[in-house]
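Those protein sequences? They're chains F and G, same order as listed.
Just so you know, the first sequence maps onto residues 1 to 313 in the numbering used here.
Just so you know, the second sequence maps onto residues 1 to 178 in the numbering used here.
Check each hint, because a few of them may be wrong.
Claimed, not checked - Derived contacts from chain F toward chain G, CB cut-off under 10 Å, selection only: (1) Phe3; (2) Asp24; (3) Thr25; (4) Glu27; (5) Ile32; (6) Arg35; (7) Pro41; (8) Thr42; (9) Leu43; (10) Leu70; (11) Ile198; (12) Glu239; (13) Phe243; (14) Ala297; (15) Tyr300; (16) Val302.
Note that these hints are calculated values from the structure, not bench results.
Predicted model, so just to flag it, every value in this text is computed and none were measured.
The beta-carbon is built from N, C-alpha and C at its ideal position, and this holds for glycine as well.
Here is how the chains run, residue by residue.
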Amino acid sequence: MSFGHKHILGIEQLSADDITLILDTAESFKEISTREIKKVPTLRGKTIINIFFEASTRTRTSFEIAGKRLSADTVNISASTSAVVKGETLEDTAKNLEAMHPDIIVMRHGHSGAAHYLAERCGFSVVNAGDGAHEHPSQALLDLMTIRQKKGSIAGLTVAIIGDIAHSRVARSNIYALKKMGATVRLAGPKTLLPTEIGRLGAEVYTDMNAALDGADVVMMLRIQQERQGNALLPSNREYSRFYGLNPDNLKRAKSDALVMHPGPMNRGVEISSAVADGAQNVILDQVENGVAVRMALLYLVSGGEQLAEQSA
Amino acid sequence: MAARETIILDQPAISRALTRIAHEILERNKGTKDVALVGVVRGGDHLARSLQQRIQEIEGVELPLGTVDITMYRDDLASRGSLPVGKTELLFPLENKRIVLVDDVLFTGRTIRAAMDALIDIGRPQSIQLAILVDRGHRELPIRPDYIGRNVPTSVAEKIEVQFSEEHEPIEVRIGKP
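Chain G with its partners taken away, still in its complex shape:
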């Protein structure tokens, strides 16, 4: 591998960012009433579970947790071919919920567009907020995160990767230069 990789967030840094986001979610929503976490498969689902644990430690409340798979909502079936379809699991009604959508990296915004379409097909939440571990810029759609772990300026060619342990705990975020 000729690519140079740099770690931009290590485990303690990720942990602190997630704890801060957990507090911000509680502050913005004035507590936990009607709040539910939905992670985007894959990556966002693990982070959503981490946020759920942190909020439980802070407030003693277990927020509803779900996952959404966006494969069926992609806009690039023709160019990417058929990708394996993951599981969408939302075992609570979305009606009147304040959904916090969670993903690991925000790039063009197309994944989040697809995730919002997927949620709205299933129900009508009161609102959708967006929590992101790394915002790398280069948006192609008018999408803005509400909670950001770290802003990382990147070039389009660089790769950002969030590594997870076997227990699905985030370990580090790497940036790879081509």
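This is chain F alone, in the form it adopts within the complex:
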């Protein structure tokens, strides 16, 4: 089985076989992070630029560590220290970076479609680390890896995704990924944060959180994106927490061995109570650990995928 993708722009473009190959590759890479010398020479001589136009700790660190453990040279640029603040366009920034011959650009951008835009115009591989409210493919893949490790497989499971669906690229990537792998996806959130057309992606849509939790195998809580709440979509955090916060009581509605997941950063006491976030069912730090392995797999696979894409072209 080979991987024919030069870019990772979203889960939408990947097949179930592609996803399985990524997860299997990530399982093999996981062992490297437990070694005393956490490095293999696989991507020696490759240059990876991580360019983040939005704040990120987890994803950026995870991609940087992933690149370094594979021996690639990784460079980080954040928007606040880049020429973007001087008014440079995305295309000009990309063309200037391209002139330095990077092999892979990992980009997070506030606008949906930014990763596609770059992939169409430049010669390097593009890995989307989150574009606007569109996709966050590496997050969905590490979520799938965590579910597969804990539950054995993904097909047949019921996964409830709860919270701010409208602004969530994590939700969109997870809906694509979970559906492709044969899971049932339930979405729940207040009407103001549920896009009217979201059901067309194949998920069941609820406004009652309790109904979405009933008998679920996995509960995925989304972050209330305070920075995108400018136009008063929620009355208050307290009211939100009462109706859409996960706590030990409503968690009982899900299966007793249901997994509790959160992509981070958590707003403790808002979408998730501390008792649940630190409870026995949480796999939140497993998600972070698997994140490095999944990102190693993505960087490795696009490095070879580029070659295959050129051969078949």
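Chain F is already provided as a structure; the job is to place chain G on it using the hints.
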């Protein structure tokens, strides 16, 4: 298939070769002290398990057994594309061990170069020896096996294949002429 295939080693011949190699490993290392077997995925891992069983029958000692996958250490990522990555499993410390690296076919030596790099990244063995079922020549690196099942002169275009049963027992070695 127009290719002509000849069986160059059958099951009894492979079995005798492995038993001889097991004795040679014990003789060279003066017993089993600090000796550990590491098979190269895939093929070498099955042969390493066979050698472990044989040494247990001879000496009554179960040697530590591990596997090493070399995909991450290949020098041809750019030309071959991304291959599936297998499992490296070394559940014992390599420090001060005499490692016997086991593979089915020795050809250019590039796989063994990669396997040695992989081992040295994980720990610092006292020594690394190399056991091979079939040595077909055409080395591209200065690598020499310590234990050889059979030397088989080949042309570069010929294919050597070791067949394993579902229980991972070696059944036969075939040579295919193009």
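Status of each hint after checking the structure:
1. Phe3: Holds, about 5 Å.
2. Asp24: Because about 7 Å separates F:Asp24 from the closest Cβ in chain G, which is inside the 10 Å limit, the hint holds.
3. Thr25: Holds, about 5 Å.
4. Glu27: holds (8 Å)
5. Ile32: Result: holds, 8 Å to nearest chain G Cβ.
6. Arg35: holds (6 Å)
7. Pro41: holds (6 Å)
8. Thr42: holds (4 Å)
9. Leu43: Holds, because the Cβ-Cβ distance from F:Leu43 to chain G comes to roughly 8 Å (cut-off 10 Å).
10. Leu70: Holds - the Cβ of F:Leu70 comes within 10 Å of chain G, reaching about 8 Å at its closest.
11. Ile198: With a closest approach of 34 Å, the F:Ile198 hint is violated.
12. Glu239: violated (48 Å)
13. Phe243: It is violated, given that the least Cβ distance between F:Phe243 and chain G is near 45 Å, above 10 Å.
14. Ala297: Because about 8 Å separates F:Ala297 from the closest Cβ in chain G, which is inside the 10 Å limit, the hint holds.
15. Tyr300: holds (6 Å)
16. Val302: holds (8 Å)
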